[in-house]
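Participant: Each chain, letter by letter, is given below.
There are 2 protein chains.
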Amino acid sequence: MSQENSAGALGFVVPQRVRFDAPLTLKSGAALPGFELVYETYGTLNAARTNAVLVCHALSGSHHVAGAYAEDPNNVGWWDNLVGPGKPLDTNKFFVVGVNNLGGCYGSTGPLSLNPQTGKRYGADFPLVTVEDWVAAQARLADHLGVDVWAAVLGGSLGGMQALEWSLQFPERIRHAMVIASAPKLSAQNIAFNEVARQAILSDPDFHGGHYAERGVVPVRGLRLARMIGHITYLSDDQMGEKFGRQLRHGTHKFSYDVDFEVESYLRYQGDKFAGFFDANTYLMMTKALDYFDPAYDYDGKLAAALARAKAKFLVASFSTDWRFSPARSREIVFALLENRRHVAYAEIDCDAGHDSFLLDDAHYHAVMRAYLENIEV
Amino acid sequence: MSQENSAGALGFVVPQRVRFDAPLTLKSGAALPGFELVYETYGTLNAARTNAVLVCHALSGSHHVAGAYAEDPNNVGWWDNLVGPGKPLDTNKFFVVGVNNLGGCYGSTGPLSLNPQTGKRYGADFPLVTVEDWVAAQARLADHLGVDVWAAVLGGSLGGMQALEWSLQFPERIRHAMVIASAPKLSAQNIAFNEVARQAILSDPDFHGGHYAERGVVPVRGLRLARMIGHITYLSDDQMGEKFGRQLRHGTHKFSYDVDFEVESYLRYQGDKFAGFFDANTYLMMTKALDYFDPAYDYDGKLAAALARAKAKFLVASFSTDWRFSPARSREIVFALLENRRHVAYAEIDCDAGHDSFLLDDAHYHAVMRAYLENIEV
Chain A
480 MSQENSAGAL GFVVPQRVRF DAPLTLKSGA ALPGFELVYE TYGTLNAART
530 NAVLVCHALS GSHHVAGAYA EDPNNVGWWD NLVGPGKPLD TNKFFVVGVN
580 NLGGCYGSTG PLSLNPQTGK RYGADFPLVT VEDWVAAQAR LADHLGVDVW
630 AAVLGGSLGG MQALEWSLQF PERIRHAMVI ASAPKLSAQN IAFNEVARQA
680 ILSDPDFHGG HYAERGVVPV RGLRLARMIG HITYLSDDQM GEKFGRQLRH
730 GTHKFSYDVD FEVESYLRYQ GDKFAGFFDA NTYLMMTKAL DYFDPAYDYD
780 GKLAAALARA KAKFLVASFS TDWRFSPARS REIVFALLEN RRHVAYAEID
830 CDAGHDSFLL DDAHYHAVMR AYLENIEV
Chain B
480 MSQENSAGAL GFVVPQRVRF DAPLTLKSGA ALPGFELVYE TYGTLNAART
530 NAVLVCHALS GSHHVAGAYA EDPNNVGWWD NLVGPGKPLD TNKFFVVGVN
580 NLGGCYGSTG PLSLNPQTGK RYGADFPLVT VEDWVAAQAR LADHLGVDVW
630 AAVLGGSLGG MQALEWSLQF PERIRHAMVI ASAPKLSAQN IAFNEVARQA
680 ILSDPDFHGG HYAERGVVPV RGLRLARMIG HITYLSDDQM GEKFGRQLRH
730 GTHKFSYDVD FEVESYLRYQ GDKFAGFFDA NTYLMMTKAL DYFDPAYDYD
780 GKLAAALARA KAKFLVASFS TDWRFSPARS REIVFALLEN RRHVAYAEID
830 CDAGHDSFLL DDAHYHAVMR AYLENIEV
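Chains as they are written, first to last, in this note's numbering: chain A, 480 to 857; chain B, 480 to 857.
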């Protein structure tokens, strides 16, 4: 899918911004006195308002789901291969909404925003927000857009958790939940990787307890390490083997700590790139939102009991080589839904790209998405 | 296996030290003008000198394989459950040698040693040593001890690589190679984890290009992160789930970056403990030794061709839940040996403890070790 085609098909897109003045009480008990969300829309809301679809982003995603910007045509949305006219999530049929979550660093109110009480950036004073809080904030956006009921809410990974949470927090406002490469809660190993990433940031001397912005510095070392760790868990062992193997960067062992192997070069590049634009406080918060998400927590660990209030129909999809959120984790959701006699379609897709498979335009995967979305009546 | 029993059975042990004055040229081309090795022995070398067994340590191990020290009776050797009178590696039968590898930080010549050319600690000037170099240095120790031929050389993980390398570099000097939880080379994912650990240390402001000792500081942040990452890969996902699951430390979500989950507390503790005693330059070097090891490298990637010169008999053992060096990696060694019609016994042991299984006294595992070692004639 070339970038020209994409921007050409969807046209250039323009982010929008909305302010909500009513305070929002968060799951932690803290309250925000009001907040702004940045979002994009693709396609047109029909007269009956039955064709709206919300796309929820994962850890490092944003509201920029599809299309490109006139002033920055190479900046193509992160799920552009899925969303657009004629694509699986067809903008000729659906009115698609992307939103930067509360606490994000792409323009929505977050740690980089000015705290109205101090006139300075929130930094570490921005309260921790959870998946539940994101969905509550997204509901206000739905109200603003005139969307009473989403035809579908979908997302991959942390985005899939938001789709699931929509079905629980607003069972009447979502007809279909599409939960991709996700899990009903993190495992100890998942939390462990997040914790190492957090410790990399928290222990960076440039972190300054989260108030680095005031000092005009960025904890780039910590962010870089966090992203490197993350990347290992996004890719499969097999795919890393195919992509890099033991290929040497300079054809010989250097016997130093310079780059020897291509995989080292790749990780350093990904880490450096990420540290150049992502906010450390947002990263920390996102990992905590992941760790805390556990709808069964208030139901004695019984996921089926937690999902009893869901009324949506579900598509659950997982990828064979995803070891971050393995197919077994998706099956837990499927079984809990079946126990409640909910409509659920499940696809376990053979794809070698690990967790990141959900971002790719794998033919089988996109066929599943297309088929499911085509069957949604609007 | 209680500590009292162990020290009681083996008696207190005393580390020894030997100096080699002839220069050692390393695989990198660098040369050491001479070096010291610290080692321990358990049991008695028989008159025919046919009962000597070398135990090679992995990343953070040492010469202190078994027994305890009179002045520090709680400091029990890292493989004490395996080595001692009546134990699988029976010191009533075998003369067992443990050695701290060249470049280590437990007393053998390494980055913490004084560089005779400058009178200051080597620090980052200590040359990178490889598995091949370790084996070359161990051969000098064998000469010193009067051991012409090892009855067996064994080790787990990086230690297993040394056992394999012994069979290649000195095929006439080793009768049995016991390669446990190891691999014939690292995968891209293995290298990637090592690289993140290295970057954590290298980017720590207290690293000072490896010359931290001169400045009286230690890159504790980097070492701590490196160890935390390592620990995740030593344990299995299942075992982490059983051991920690999502257990909360304080019974409630803290909505802060303090410890929420038990697994976070465990990792922080392990990281802090390790950073308190292990040398950062040694850690970096050990990870490079792992990355570089690849006996098939000079044989166009053909492991069977590389192993053709081995004459030892082999025990290869792997653990079902080891995802760092999975059973498939051990099977590569087995197949390459079989292609050469070598004697090889292979055990794939069902154990839920991941890579660290090789350090545990799992009944099935120890039965395999005992049976193999009992059959070695001395």
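Keep in mind that the hints were calculated from the coordinates and are not lab data.
Warning: the hint list may mix true and false statements.
Identical chains blur together in the list; that is why a pair holds if it fits in one copy or across any two.
Straight-line alpha carbon distances no greater than 25 Å define the calculated DSS-like cross-link-like pairs of lysine-lysine that follow [claimed, not checked]:
#1 Lys752 to Lys506
#2 Lys781 to Lys506
#3 Lys792 to Lys572
#4 Lys752 to Lys572
#5 Lys752 to Lys722
#6 Lys781 to Lys599
#7 Lys792 to Lys599
#8 Lys733 to Lys790
#9 Lys752 to Lys781
#10 Lys752 to Lys790
#11 Lys790 to Lys572
#12 Lys752 to Lys792
#13 Lys792 to Lys781
#14 Lys733 to Lys722
#15 Lys790 to Lys506
#16 Lys781 to Lys733
If you're wondering where the values come from, they're calculated on a predicted model, not measured in any experiment.
Participant: For each hint, tell me whether it holds in the structure or not.
Facilitator: Hint check results:
Proximity of lysine 752 and lysine 506 under a CA criterion of 25 Å is satisfied in neither setting, with 33 Å inside one chain copy and 35 Å between copies. For the identical chains of this complex, lysine 781 and lysine 506 are intra-copy neighbours only, at 21 Å inside a copy versus 57 Å across copies, given an alpha-carbon limit of 25 Å. Taking CA atoms no more than 25 Å apart as the test, lysine 792 paired with lysine 572 passes inside one copy only; the shortest distance there is 19 Å, against 68 Å between copies. In this homomeric assembly, lysine 752 and lysine 572 never come within 25 Å of each other (Cα to Cα): the closest approach is 36 Å inside a single copy and 58 Å across copies.
For a Cα distance limit of 25 Å, the shortest separation of lysine 752 from lysine 722 inside one copy, 20 Å, qualifies, whereas the shortest one across copies, 36 Å, does not. With identical chains, the CA atoms of lysine 781 and lysine 599 are never at most 25 Å apart, being 43 Å at best within one copy and 62 Å at best between copies. When the C-alpha separation of lysine 792 and lysine 599 is checked against a cutoff of 25 Å, the pair qualifies neither within a copy, at 44 Å, nor between copies, at 70 Å. When the C-alpha separation of lysine 733 and lysine 790 is checked against a cutoff of 25 Å, the pair qualifies neither within a copy, at 59 Å, nor between copies, at 31 Å.
Neither within a single protomer nor between protomers do lysine 752 and lysine 781 lie at most 25 Å apart by alpha-carbon distance, with minima of 41 Å and 37 Å respectively. Proximity of lysine 752 and lysine 790 under a CA criterion of 25 Å is satisfied in neither setting, with 41 Å inside one chain copy and 50 Å between copies. Taking identical chains as interchangeable, the C-alpha atoms of lysine 790 and lysine 572 lie at most 25 Å apart only when both belong to the same chain, with a minimum of 23 Å there against 70 Å between chains. Taking the shortest alpha-carbon separations for lysine 752 and lysine 792, neither the intra-copy value of 39 Å nor the inter-copy value of 50 Å comes in at or below 25 Å.
Proximity of lysine 792 to lysine 781 under the C-alpha cut-off of 25 Å is restricted to the intra-copy arrangement: shortest distance 20 Å within a copy versus 52 Å between copies. For a Cα distance limit of 25 Å, the shortest separation of lysine 733 from lysine 722 inside one copy, 21 Å, qualifies, whereas the shortest one across copies, 40 Å, does not. In this assembly of identical chains, the alpha carbons of lysine 790 and lysine 506 lie at most 25 Å apart only when taken from the same copy (23 Å versus 65 Å across copies). For a Cα distance limit of 25 Å, the shortest separation of lysine 781 from lysine 733 across copies, 22 Å, qualifies, whereas the shortest one inside one copy, 53 Å, does not.
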